[in-house]
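Undergrad: Chain by chain, the residues run as shown.
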Amino acid sequence: MTGPTPDDVARVFAAEYGRAVSVLTRVLGDLDLAEDAVQEAFTEAARTWPGNGLPPSPAGWIITTARRRAIDRHRRESTRDARHAEAALLHAPAEVPEEEPVPDDRLRLVFTCCHPSLAPAAQVALTLRLLGGLTTPEIARAFLVPEATMAQRIVRAKGKIRDARIPYRVPSEAELPDRLRPVLAVVYLVFTTGHTAPSGDALVRADLCAEALRLGRLLHDLMPDEPEVAGLLALMLLTESRRAARTGSDGALVRLADQDTSLWDADLADEGRALVRACLRRNAPGPYQVQAAIQAVHSEPPTDWHQVLALYDLLLALTPTPVVALNRAVAVAEVHGPAAALEIVDGLDLDRYHLLHAVRADLLRRLGRADEAAAAVEAAIARTDNEAERAFLRSRR
Amino acid sequence: MPQYLLTIHQPDGDPPPPEVLGPIMEGLDALNEEMQANGTWVFAAALHPPGTATVVRVRGEETLLTDGPFAEGKEHVGGFTVIRAADLDEALHWGGRLARVLAPLSIEVRPIHGGA
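Protein sequence lines, in the order shown, are assigned to chains A and B.
The first sequence begins at 1 in full-length UniProt numbering and counts up one residue at a time.
The second sequence begins at 1 in full-length UniProt numbering and counts up one residue at a time.
Treat the hints with care, since some could be wrong.
Below, simulated SDA-like cross-link-like pairs (lysine to any residue); rule was C-alpha separation at most 20 Å, straight line [what the hints assert, rightly or not]: (1) Lys160/A to Met1/B; (2) Lys160/A to Leu144/A; (3) Lys160/A to His113/B; (4) Lys160/A to Lys74/B; (5) Lys160/A to Glu108/B; (6) Lys160/A to Thr52/B; (7) Lys160/A to Asp89/B; (8) Lys160/A to Val55/B; (9) Lys74/B to His93/B; (10) Lys160/A to Glu90/B; (11) Lys74/B to Glu90/B.
Pairwise CB distance ranges, derived in the manner of DEER restraints [unchecked claim]: (12) Val55/B to Asp313/A: 21 to 27 Å; (13) Thr52/B to Ala148/A: 39 to 45 Å; (14) Ser172/A to Ala71/B: 34 to 40 Å; (15) His9/B to Glu77/A: 39 to 45 Å; (16) Phe43/B to Leu176/A: 30 to 36 Å; (17) Arg76/A to Ala46/B: 46 to 52 Å; (18) Ala148/A to Leu65/B: 23 to 29 Å; (19) Glu343/A to Gly114/B: 56 to 62 Å; (20) Ile24/B to Arg68/A: 55 to 61 Å.
If you're looking for bench data, these hints aren't it; they were derived computationally from the structure.
For each residue, glycine too, the CB sits at the ideal point set by N, CA and C.
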């Protein structure tokens with residue numbers, strides 16, 4: 001029997017980092033201390049697991065070790081308050097009491113990271129960092145901003161949580177609707193970041209998708225009457241249902257039209273479609289419901305592009321962003337032809353976004369402008385750090 | 001208990017006429033009394049207009065006095081309230097109540113260093 005490899009530790013890190021940080025934040029009452037303690041615990045895991053073997057509950061081991069590290073630290077930095085803090089640490093309950101309405105530390109941490117007094121960009125960055133365990137460079141790449149900017153954003157947000165005392169809790173029922181919008185945005189961004197990992201060899205970081213889905217289900221259980229919560233969950237389920245078909249045996253991206261539909265997960269798709277039907281009946285369409293409806297159309301090939309374009313028209317009216325306009329352009333190409341779509345794409349200010357160049361390349365090729373298409377492919381390759389996407393783009397050279 | 005500074009920002013210029021200001025001040029008194037009764041209120045002050053301010057600077061040995069506020073703007077700090085609150089959400093609750101009374105004025109809510 002072979003011991004756990006560094007890859008195994010990395011897998012546990014990806015899966016359990018967020019849980020460990022949220023539990024430690026509750027115990028310690030301090031985000032920075034919690035993060036430091038969890039990172040120290042993982043450092044120790046990387047050192048001892050390969051020799052001693054994987055503990056029976058890696059997550060439990062990490063949390064216990066992190067907690068012990070925090071106590072050690074208090075002993076080392078003996079201040080006037082240290083004895084007090086140590087006592088609090090030792091006596092803090094190991095598990096959350098079940099009678100609380102939402103006994104999930106991660107959800108509490110999401111609402112903390114998404115507090116409306118934090119800038120929206122900081123909310124997302126913080127959630128990815130604290131719940132997803134992503135590094136600052138990974139988050140910077142996902143949001144197309146320089147690393148230093150992202151680092152500063154995260155430090156400033158953590159400072160505000162600490163100094164302004166942003167509470168670590170799920171808001172009361174009365175506050176929930178107002179607090180929900182940033183939470184939904186962040187959960188979806190965690191999902192999309194996992195769906196196309198910003199860097200690395202694999203196209204998908206399954207752990208991030210799983211985390212986002214888990215949070216989505218939790219929110220839906222908590223707020224079954226919020227149509228956008230149902231819409232977001234449906235959108236993620238339908239997208240996730242095609243995951244196995246999105247990459248070929250060589251790891252390269254496979255386009256929707258070329259996917260082997262027998263690889264699609266019918267149960268996830270059914271669950272997603274049922275949610276779409278249920279929330280659309282409420283007739284309060286929001287961006288997530290509309291995007292879920294688009295994915296629902298895609299889930300039953302051949303795609304009805306006229307319906308997809310009509311839904312994108314609605315989506316663009318609800319959220320007029322250049323990324324939505326780019327996606328709509330793909331539908332325009334199917335309905336009105338590549339020339340009409342190219343005109344839209346060329347008017348978008350998204351130069352740093354690799355998919356803009358990938359879409360442009362496709363449209364130029366269909367218009368027979370091979371040289372320009374080749375240049376656009378190169379531009380797209382230069383703008384992604386994801387190996388699977390690069391492999392796909394190279395195949396289109 | 002942490003303390004927060006609720007700063008009232010108001011546009012430069014004359015205050016509104018008494019028939020507008022009257023009910024606002026009544027609302028403010030009521031809110032202050034409520035905060036005093038439940039232990040939230042620490043201290044509050046209304047300031048004279050920015051034209052009454054003097055800025056003091058020391059350059060070398062010399063103390064320089066300049067007429068007027070530190071920063072000229074379209075808005076100025078008209079007054080402030082210091083409160084005790086368990087966390088930012090509680091402080092924002094009172095900031096929101098104050099903003100409602102003083103609408104359309106804006107309130108800045110900011111933690112006081114060492115206010116724990």
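Undergrad: None of the hints should be skipped; say for each whether it holds.
TA: Quick rundown of the hints versus the structure:
Among the hinted pairs, lysine 160/A with methionine 1/B is consistent with the structure: their alpha-carbon atoms are about 17 Å apart, no more than 20 Å. About 24 Å separates the Cα atoms of lysine 160/A and leucine 144/A, which puts this hinted pair outside 20 Å; it is violated. Annotation: proposed proximity of lysine 160/A to histidine 113/B holds, straight-line Cα distance about 12 Å (limit 20 Å). Distance check on the hinted pair: lysine 160/A and lysine 74/B sit about 27 Å apart at the alpha-carbon level, beyond 20 Å; violated.
Among the hinted pairs, lysine 160/A with glutamate 108/B is consistent with the structure: their alpha-carbon atoms are about 14 Å apart, no more than 20 Å. For the proposed pair lysine 160/A and threonine 52/B, the alpha carbon gap of about 34 Å is over 20 Å, so the pair is violated. Under the criterion of a C-alpha separation no larger than 20 Å, the hint pairing lysine 160/A with aspartate 89/B is consistent with the structure, at around 13 Å. Of the pairs offered as hints, the one joining lysine 160/A and valine 55/B is violated, with about 30 Å between alpha carbons and a cut-off of 20 Å exceeded.
At most 20 Å may separate the alpha-carbon atoms for a hinted pair to count; lysine 74/B and histidine 93/B exceed this at roughly 27 Å. Taken as a hint, the lysine 160/A and glutamate 90/B pair is honoured in the structure, with Cα atoms around 15 Å apart against an allowance of 20 Å. Distance hint between lysine 74/B and glutamate 90/B is unfulfilled; the C-alpha atoms sit about 30 Å from each other, more than 20 Å. Our hint of 21 to 27 Å for valine 55/B and aspartate 313/A is violated, since their Cβ atoms are close to 57 Å apart.
At about 43 Å, the beta-carbon gap between threonine 52/B and alanine 148/A stays in the expected band of 39 to 45 Å. Range check, serine 172/A to alanine 71/B: Cβ separation about 39 Å, and the 34 to 40 Å hint holds. Look at histidine 9/B against glutamate 77/A: about 40 Å separates their beta carbons, and that is inside 39 to 45 Å. Taking 30 to 36 Å as the suggested C-beta distance range, the pair phenylalanine 43/B and leucine 176/A conforms, at roughly 33 Å.
Between arginine 76/A and alanine 46/B the C-beta distance comes to about 49 Å, which sits within the given range of 46 to 52 Å. Under the hint 23 to 29 Å, the C-beta atoms of alanine 148/A and leucine 65/B, about 41 Å apart, miss the expected range. Distance hint for glutamate 343/A and glycine 114/B: a CB-CB separation of about 60 Å, consistent with the stated range 56 to 62 Å. For isoleucine 24/B paired with arginine 68/A, a C-beta distance near 56 Å keeps the hint of 55 to 61 Å intact.
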